[in-house]
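Chains as they are written, first to last, in the numbering used here: chain S, 249 to 572; chain A, 249 to 572.
Worth double-checking, as some hints may not be accurate.
Identical chains share a label here; the pair holds if one copy fits it or two copies do between them.
Below, in silico cross-link-like pairs of lysine to any residue (SDA-like), each with a Cα-Cα straight-line distance of 20 Å or less [what the hints assert, rightly or not]:
#, residue 1, residue 2
1, LYS288, ALA371
2, LYS498, THR411
3, LYS400, ASN274
4, LYS383, HIS271
5, LYS471, ILE516
6, LYS345, MET330
7, LYS571, GLN433
Source of the hints: derived by calculation from the structure; they are not laboratory data.
Protein chains: 2
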Amino acid sequence: MKPIEELQKLVNTELSKISYPQHPKNLYMPIQYILEGNGKRLRPLLLLLTHQLYNDNLLLAIEPALGIEMFHNFTLVHDDIMDKSDMRRNKATIHKKWNENVAILSGDAMMILSIRFFLHLPAHIQSKAIDLFTKTAIEVCEGQQYDIDFEKHTTVSKTEYMTMIRLKTAVLIACSLSMGALIAQAHPYDIELLYEAGIELGLAFQLQDDLLDIFGQQELLGKTIGNDIINRKKTYLYILAYELANAEQKKQLDYWFNQVNVSNNTRIQEVKKIYTQLNIEQHTNQQIQFYIHNCLNKIDSLNVPYNPKLILKDFIFQLIARKK
Amino acid sequence: MKPIEELQKLVNTELSKISYPQHPKNLYMPIQYILEGNGKRLRPLLLLLTHQLYNDNLLLAIEPALGIEMFHNFTLVHDDIMDKSDMRRNKATIHKKWNENVAILSGDAMMILSIRFFLHLPAHIQSKAIDLFTKTAIEVCEGQQYDIDFEKHTTVSKTEYMTMIRLKTAVLIACSLSMGALIAQAHPYDIELLYEAGIELGLAFQLQDDLLDIFGQQELLGKTIGNDIINRKKTYLYILAYELANAEQKKQLDYWFNQVNVSNNTRIQEVKKIYTQLNIEQHTNQQIQFYIHNCLNKIDSLNVPYNPKLILKDFIFQLIARKK
Chain S
249 MKPIEELQKL
259 VNTELSKISY
269 PQHPKNLYMP
279 IQYILEGNGK
289 RLRPLLLLLT
299 HQLYNDNLLL
309 AIEPALGIEM
319 FHNFTLVHDD
329 IMDKSDMRRN
339 KATIHKKWNE
349 NVAILSGDAM
359 MILSIRFFLH
369 LPAHIQSKAI
379 DLFTKTAIEV
389 CEGQQYDIDF
399 EKHTTVSKTE
409 YMTMIRLKTA
419 VLIACSLSMG
429 ALIAQAHPYD
439 IELLYEAGIE
449 LGLAFQLQDD
459 LLDIFGQQEL
469 LGKTIGNDII
479 NRKKTYLYIL
489 AYELANAEQK
499 KQLDYWFNQV
509 NVSNNTRIQE
519 VKKIYTQLNI
529 EQHTNQQIQF
539 YIHNCLNKID
549 SLNVPYNPKL
559 ILKDFIFQLI
569 ARKK
Chain A
249 MKPIEELQKL
259 VNTELSKISY
269 PQHPKNLYMP
279 IQYILEGNGK
289 RLRPLLLLLT
299 HQLYNDNLLL
309 AIEPALGIEM
319 FHNFTLVHDD
329 IMDKSDMRRN
339 KATIHKKWNE
349 NVAILSGDAM
359 MILSIRFFLH
369 LPAHIQSKAI
379 DLFTKTAIEV
389 CEGQQYDIDF
399 EKHTTVSKTE
409 YMTMIRLKTA
419 VLIACSLSMG
429 ALIAQAHPYD
439 IELLYEAGIE
449 LGLAFQLQDD
459 LLDIFGQQEL
469 LGKTIGNDII
479 NRKKTYLYIL
489 AYELANAEQK
499 KQLDYWFNQV
509 NVSNNTRIQE
519 VKKIYTQLNI
529 EQHTNQQIQF
539 YIHNCLNKID
549 SLNVPYNPKL
559 ILKDFIFQLI
569 ARKK
């Protein structure tokens with residue numbers, strides 16, 4: 249049983265040990281480039297943490313953990329093209345550093361490579377693992393499509409938003425949690441329970457992301473505050489605020505959110521003012537606590553050894569207390 | 249044992265029977281749109297044709313055949329973005345009919361879905377099938393990257409060109425041929441032999457494509473003649489011509505190939521004139537015959553029943569006599 253720091257090191261070491269063909273350079277260099285970035289490695293860690301609930305030997309679990317990290321990075325590469333993002337984790341995005349074609353194609357290669365990390369599993373586990381993984385991967389695409397579609401909607405309901413982030417963010421986190429158990433050949437009941445716990449964690453994680461964007465501290469976050477407001481992204485905060493606002497506040501929110509003739513800074517400050525009036529930070533934190541509570545309840549009801557469960561729960565606490 | 253026409257009908261019927269979720273529309277409608285196009289269905293047909301060399305029951309082979317067709321169409325969708333192609337099979341390309349983001353994302357979904365068509369196979373076959381398929385898929389990405397890279401090279405050698413088309417075109421055809429045998433649990437020797445036959449066929453197929461682009465008949469081809477010259481694509485014909493040309497012909501070829509101040513029609517006519525002087529059509533046809541000869545030799549040495557082998561060989565003859 250390994251503590252979190254050791255698992256983190258393990259993931260980073262194994263990621264850096266992946267060997268790529270020398271050619272074509274423009275296909276493989278971008279893959280190395282993005283995987284060298286200092287990501288949180290959240291998904292592979294969750295996979296390893298749930299695997300060691302059932303099996304101390306991580307040998308079978310490492311490659312699938314890398315596969316899920318590879319897949320996650322593929323989604324970042326393609327999302328960054330679609331969102332026209334220039335920077336990611338303080339580095340130029342692939343389509344900026346190279347070009348859009350390179351980003352499309354190296355993303356495609358990452359997607360395909362991610363599957364190949366499952367091919368070392370014994371055949372009977374492999375089939376189930378690839379089924380879960382590809383089902384999840386399709387849902388992530390659906391989530392991204394809803395996210396793009398919502399940009400053109402004048403209003404997005406809370407239900408629509410939660411459906412979108414469930415697909416775009418939560419299912420891959422759920423897949424990671426349950427994959428660790430699946431590979432360890434845990435009971436189907438546990439695999440399912442960990443999936444459900446992962447959905448709750450994923451929703452909490454995304455709301456936390458929405459919250460940090462405006463209520464986080466810039467120096468800790470390492471990126472500009474208020475990006476979502478700058479990009480007029482209808483996040484959980486915005487949707488909740490619009491739901492709770494009175495007629496006058498709604499008018500103000502509409503005005504500042506969509507205003508084009510003032511500086512972004514003014515727009516951010518004015519929207520934040522309305523969020524503060526409506527206690528959006530507190531409401532969102534309550535919702536996050538609700539999901540985390542559900543997540544931990546599900547984990548608690550797993551019949552697994554105390555110590556590795558504690559490590560998993562500790563990681564979830566860290567995650568939700570994160571400042572970046 | 250089914251004749252080609254029946255297999256063709258089967259592939260088209262099964263493709264049209266694939267059911268997609270209703271939402272998100274912008275993810276799934278483009279997939280249906282491109283798969284409704286009247287493709288040749290070359291790859292799924294080859295898979296079914298080699299499968300029935302070993303097993304008359306096509307039940308296991310149909311889904312992987314659809315998976316390979318889905319994957320092939322994914323490559324078309326992403327290649328069309330990269331090549332900025334507006335039309336494909338007489339229809340607007342997805343990034344033109346919708347937009348680039350829709351084309352990236354529905355392409356991604358097609359790539360992932362293509363894997364899911366292998367999940368009904370028994371576990372021990374499935375693992376080998378997905379291994380072959382994803383290995384091939386990565387190579388196709390490598391081929392596309394070389395193709396893009398070559399646009400910026402002033403010269404491309406014949407060896408470089410053959411490496412590129414081997415990856416971009418031939419390996420997927422080889423994968424299709426050997427996959428049929430793999431799923432039928434043929435002897436590894438046969439699976440390998442069919443792979444090699446597929447490489448030869450794939451190279452012949454691509455040279456045929458290069459040839460038809462300029463020596464084909466527009467009314468049969470259903471697209472403009474000389475596209476490769478318009479786009480200054482260094483095809484087999486161009487590379488061969490440059491190899492065979494004397495100093496004066498090289499100068500002429502350089503001049504007309506790269507000229508920007510004359511109509512495309514003039515450029516096409518002048519380049520074609522040089523090709524004709526150098527007997528490029530005949531030389532290329534000879535090379536195609538060479539690859540087809542190798543391909544058929546390999547197929548002949550398979551110890552399989554006469555009739556289904558005849559159907560496969562007949563299809564290869566049809567393919568190489570094609571006018572479009």
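Alpha-carbon proximity context of LYS571 and GLN433, limit 20 Å:
neither (35 Å within a copy, 55 Å between copies)
For the identical chains here, do LYS383 and HIS271 meet the 20 Å Cα criterion within one copy, between copies, both, or neither?
between (31 Å within a copy, 15 Å between copies)
What label fits LYS345 with MET330 when the C-alpha limit is 20 Å: within, between, both, or neither?
Intra 15 Å, inter 17 Å, cutoff 20 Å: intra and inter.
Under a CA distance limit of 20 Å, which applies to LYS400 and ASN274: within one copy, between copies, both, or neither?
Between copies only: 13 Å across chains, 34 Å inside a chain, cut-off 20 Å.
Status of THR411 relative to LYS498 across identical chains (alpha carbons, at most 20 Å):
neither (24 Å within a copy, 62 Å between copies)
Identical-chain pair category, LYS471 with ILE516, by Cα at 20 Å
Within. Shortest intra-copy distance 15 Å satisfies the 20 Å Cα cut-off; inter-copy 53 Å does not.
Can you tell me if LYS288 and ALA371 fall within 20 Å by alpha carbon in one copy, between copies, both or neither?
Answer is neither; intra-copy 30 Å and inter-copy 34 Å both fail.
Of the hints listed earlier, those the structure fails to meet are numbers 1, 2, 7, in rising order.
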